[in-house]
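K.L.:
Join these two chains into a complex; the hints should help.
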Amino acid sequence: MPFVGRARASDTSRKAAVILGPDGRGDLGWNDLAWNGGNLAKKQGVVEDFKLFTTTENEALSLLTDIASSNEYRIIVSATSYVAAVLPEVSNQYPEQNYAQLDIYPEIKESDPGYKGVLGLKFAQEQMSAQAGVLAAFLAAHHDFAKAGIVLGTEIAALFDFEIGYKWGVDWGVEWLKANKPDVLKGKKIEALKQNERVLWTYAGVWGDPAKGKAATQIQFQQGAGIVYQVAGGTGLGVLAAADDAHKAGNIPIGRPPFAIGVDSDQGWINPYVITSGLKRVDLATLNSIKLAMDGKFRDAVAAGKGVMWMTLANGGVGLANEQTLVDALQFAKDAGSLTEDKIPGILARNKELRAAQPDWIWPTLDQLGTDIKAGKVEVPKPSADPEKWGIKKMRAIYG
Amino acid sequence: MGHQEDAGHLRLDGRNGASRQAVAAGRGTGRIGARCSIRRGGQLRRDRVHHSAMSATHSRGDWLHEASLVAAPLLLGFAAAAAVIVVNGGSIGMLFTAFYNTVTNRNGLLQTVASGTALALTAQCFIIGFRCGVFNIGAEGALFAGAIAAIQVGAFWPLPQGIHLAAVMLAAMLAGAAWLYPVALLKTYRNVNEIVTTIMMNFIGRYLLAFFVMWVFRDTKVDTGAFSVPIRPTGRFPVIASPLTWACLLAVVVPVVAYVLLWHTRFGAHIRATGYNADAARGAGIDVRRLGAMVFLAGGAAAGLAGCVLTAGLSPTFKVGEDLSALRNFGLLGISVAMIGRNHPLGAMLASFFVAAVRTSRFQFQKMGVAPEVTEIFIGVVIFAFAFPYVFQSAATWIKAIRRSRWGSEEHG
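Protein sequences, first through last, are from chains A and U.
Mind the numbering: the first sequence is residues 0 to 399 in numbering that gives the first Met the number 0, read in order.
Mind the numbering: the second sequence is residues 0 to 412 in numbering that gives the first Met the number 0, read in order.
Simulated from the structure, these hints should not be mistaken for lab results.
Fair warning: this is a prediction, and the values are worked out from it, not measured in the lab.
Mixed in with the good hints, there may be bad ones.
Quick list of in silico lysine-lysine cross-link-like pairs, DSS-like style, CA-CA up to 27 Å [unchecked claim]: (1) U:Lys399 x A:Lys108; (2) A:Lys305 x U:Lys220; (3) A:Lys42 x A:Lys305; (4) U:Lys220 x A:Lys392; (5) A:Lys42 x A:Lys177.
So here's chain U without its partners, still in its complex pose (with noise of 0.2 Å):
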């Protein structure tokens, strides 16, 4: 596991990395210069001190080290949604019992294995896309673009028992991969930045997705509310017990892949080196352009099956409606899921059921009278707790920066 939060924002064209009067003011403090530490130094500095970047042992210090950095924001998570509970009237037990209740109860523990595993999947689709220095925010559009396939071809297409699944499946990743292309060519033949283009990508896949239900989808034997036709017996996913159904497994096994595929091959590790360093990677004879697109595909691989989980794994109506509420905002909270698992395929696992636990505990706070909104508060304040270290820190480096240039060369180690 190697310290990727600040792995520095990649660009297709080359010009990554610190300048070249950067280097030579390199004054031989064996970093690369002032330039460039103002982008990555903070990693950098951490990376002499812990370990090479590259390598995969861990000592016991740097396991504390990251639990602590994931334990904090979640108690400031806590302290925030408790504050907010006792001001307006509660007590904090009620944090705790509904939290308690939530993963004890058999329903919730069914509803949260269910929303986790969709959440686990576009989780995926941020990580990859940030090992290699991209910050792909477009799982959303992905999602639903992978639900309409999904629908396509679960619901109009009559294909036998035991291919119809797959071919939902495999449609749905075609699908989403297909979505984030035209993304991955914009960054890479016009450096389009890929912030901007896959959030509009977002709007335009979910009021496509709403066209499709209300029009090509809709049900029309039903006449109390707009729903798409629901996905054939054969395309489902087979069901455990409602709402959960052995979609869940795919909350293991991508992030897995993922994990297989970043540290174990050589395409992971193509990824990885490209999100430390473009240039470095480059200049290894990688293609740097190349790796970019791919990584929008993957990602959208992952997050068009987390469309097809939230429309063929919608037991037990296995529809969506017109205003896409089954669907809705999958895509951003993996973005936190990610997050709060450190950009760790296999921490994202973890932190999809954290966070799906913290959304199904709506019903007990509804049930003792607490606005739900609490868990949004809290999710929030997660991933503000989490991002704040970053903001510390590169504004730490700046203000470093800024004196050096100022009081001039004298050094500071």
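Only chain A is shown next, with the shape it has when bound in the complex (with noise of 0.2 Å):
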């Protein structure tokens, strides 16, 4: 039973702790970005200090009970669906910890004891998939390739967001171009495909496994894309890697097709030809959840969010990658040591001509699409918020 009255050491404990799944750290991408979301905690003197943990599904249990009852960490941060499944009962057990859940909400109810203590933090992950999508429509119809192409991880409903997103981004690119730049869609290949027909799509059914996501976007590549989008985590490091392989065997100068699209950080500075990424603020989610319980705000923001906390476009939890985000991430790069300092001006500029290729109205048209999707003027179809209304094999009968 909870000690009423009684301070708990974690209460003012300085100390944070984050959890990951059983592939940990190194896939430049969402576990990387957890860890990011700490360590900039700690560097901005948020924390004291972070600790790390990996778990596996079978000792999430105990590592997480472990971590709780332990009372020396004010949050714990929690970046696997396996910490989730077992958090009700731990949270109902040690009520007072505060629990953040990426992606998910976990199974409590409101009359659970843990419930005002857990917080799930959510992406509107549909919206900058959309702007990428939009992207892979102009490119398509600047530089005259038939497809866009996606690659995604596993068969979960989280990603129907990711792909549908994308889908609808596609489309719109290309309405938008026949009613505002006609003379670019003419004759190209793109305008000649049917609506469901525009997006090769492939779920390569792991995480962490380069050599499936780079072999999925060689065949994307031969069937007519020109960009693909990686949802894919370490699997989808190998979409990157595939765009690289294809320039250097064709000799194909930067800010020419076929690109590469990264996920949840911006991954541009891998090759100079990814040429955005849709990035997911994992550790923009991490970090505000932390100041929360160091700021002992923690609980307002429960009772605030019925227990939710959104990461939209309109905060910043999610966007489309640009200059500023491509600085950061070498810096998040460089923290995690997959960079040395000296690589770093030959990245930006190299990054500088890809964009400069490219025609000058496709930038501020997707800051005018964020814009909107902002002031709710457009609204993007997200398949895991209503299955009923977005239910994926109505949305894929239209989309492709």
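P.N.:
Shown next as structure tokens:
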């Protein structure tokens, strides 16, 4: 039972804990970003220290119980669904501990003792995926390749948001061109395709297997895709590598297709053919929830959001990559040990070259779309939110 | 307890043991000959020095010898792990603190016993085969097959309380045995090396289970990750305190059954005889082929049961995630456990809890900021150190045999 009135060590602790899944760090995306959230918290002095843990499915319960019962951490942030599965049990046992879960709201009812301390950090991932789709359509028209592609991890409902958002964006992009720049679209391969033929999509079935990602991407290139959006974590690094290989093999200059689109973090530093990334600011979500806990405002946020904190285009929780995010990402890559200082100027230069080679009406249009989405003028379908209205089968029938 | 370490590789088609030439060249030393001694010389010599291979009596010196053979690799493992920690800026004390905290902590103890159960079972799979001269490393695949059966019966068949759990266990055992049966057939009728087939079957089993979890057993109500449908409450092992369930009893029962089987039944005596010398066993009228096939079935059943423990005993969720992290590596680690337990069922039982404790200490290491991979280094070095004496021994007998054949008939005792 909670010790009413007695101060727990974790009420004044300035330490945070971050729990990753079995794949651990090294994906330059999800898990590394969750780590970076803690890393930034430490660098900015928000916390004294943060500890990183990794867990497998069958150790998740004892790990979480250990951490929660130790009273050492003001907040526990989890980046894995295995911890989400056992969160209800542990949070009911240790209800004064603060818990944040990325991407999932665990199965906790309002009547449970642990309800007040659990915050689900959810992302409007269809919003920036839509922007990525629009970019894909624009580039397909400008460079004249037939299709856009997307390679995803495992077929779970959370990824439907990415998939359908992207496809919706491709459609929106083509319609916008018809209305505003018909001469760019005229006679191009993508113009001839029907609405549900424009996007090639593959679920690789695994996370953390770059070879599969590369193979899937190469098939999509062969089938006419000139740009591929990776939504596959470690597997997706193979998507980026496939674009790199294609350029090297065909001696294609920077600025020409095939392109790749990164995910989660700005992956434009990995090679000069990653034209943008669909940012999912896991690090920001982690950092913000840690800040809330350290300022004592965590429980208020839980109450205000009914247990969920939404990361959207409006609050910078998701977005499309730009020059600033690349600079931040370079710092992140350095901190993660994936990059040395001397490479940075070259990377920045090549990225500039890549963006400059595209027509200059593309970027303002994407920004305008972003503004419209933020203002609520445009609604992007979100299958995970409303399986009735935006059922995946229905969406795939429309958009491919 | 016999010295079974280098029982030699069993061929079920009869071409085991020394060639007739080598027998003739025996030179009356009482041993079969140079060729045989390369394969089993060390063992034969040790048998003469210590005791009859088939006897169950031991002298004090034997136990001391056994204990030192176990202690030395463990100390080496400690040393290696300590070295890694110290080189990376920690202190040796961290090693002891981590292990101590794991076993004195209620949570650590529960997790250790829960993990150790599956390890004890997969170790039996390897041991039963090894005692027969068969190198059965297919526990991983059989475990996955058992898990498939366990989920099918446990999550999708509504059986009454009391029968359900028994049915789940039976289904898992049958699935595991059936899984390794093709391996047995290939070995018996085509002499296909079982190391190759079992490794391949391990991969097939893993991806088969992944397929089932993602598509056939998928819990469509959960939208945030890919999980299998949870085992029904009637099909679960009763929970003691999550993550520990009464499945832990199997960690004692099955090794004891294996021990009784191997040393107190005729079947077991046949197995061990075949392990020592398949030709002699065949000559004594033992159906070596059938025996070799049956150890695969028995081992598969044990590993299948481990798969059942890791699904119907996976408290508190009782469901398997898409990456199978709850089941992976238990089969392979069981082999290491078997080696540390000197290929004896009861020794493996103790070793399984030890190895499980080491793995559970990952959390303590993470708390101290030490990379948890240190535990893998520890286990790896221990395995290596266990295997090394046999390498050394084999190399020594090889060298001796070569020297002897080069320098002629000078007899060395």
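K.L.:
Against this structure, judge whether each hint is valid.
P.N.:
Right, here's what the structure says about each hint:
For the hint pairing lysine 399 of chain U with lysine 108 of chain A, the CA-to-CA distance comes to about 74 Å; that exceeds 27 Å, so the pair is violated. Taking the CA atoms of lysine 305 of chain A and lysine 220 of chain U, the gap is about 22 Å. The hint holds against a cut of 27 Å. With a C-alpha separation of about 30 Å, the suggested pair lysine 42 of chain A and lysine 305 of chain A falls outside the 27 Å cut-off, and the hint is violated. Simply put, lysine 220 of chain U and lysine 392 of chain A have alpha-carbon atoms about 16 Å apart, close enough for the 27 Å limit, and the pair holds.
About 48 Å separates the Cα atoms of lysine 42 of chain A and lysine 177 of chain A, which puts this hinted pair outside 27 Å; it is violated.
Of the numbered hints given earlier, the model fails hints 1, 3, 5; all others are met.
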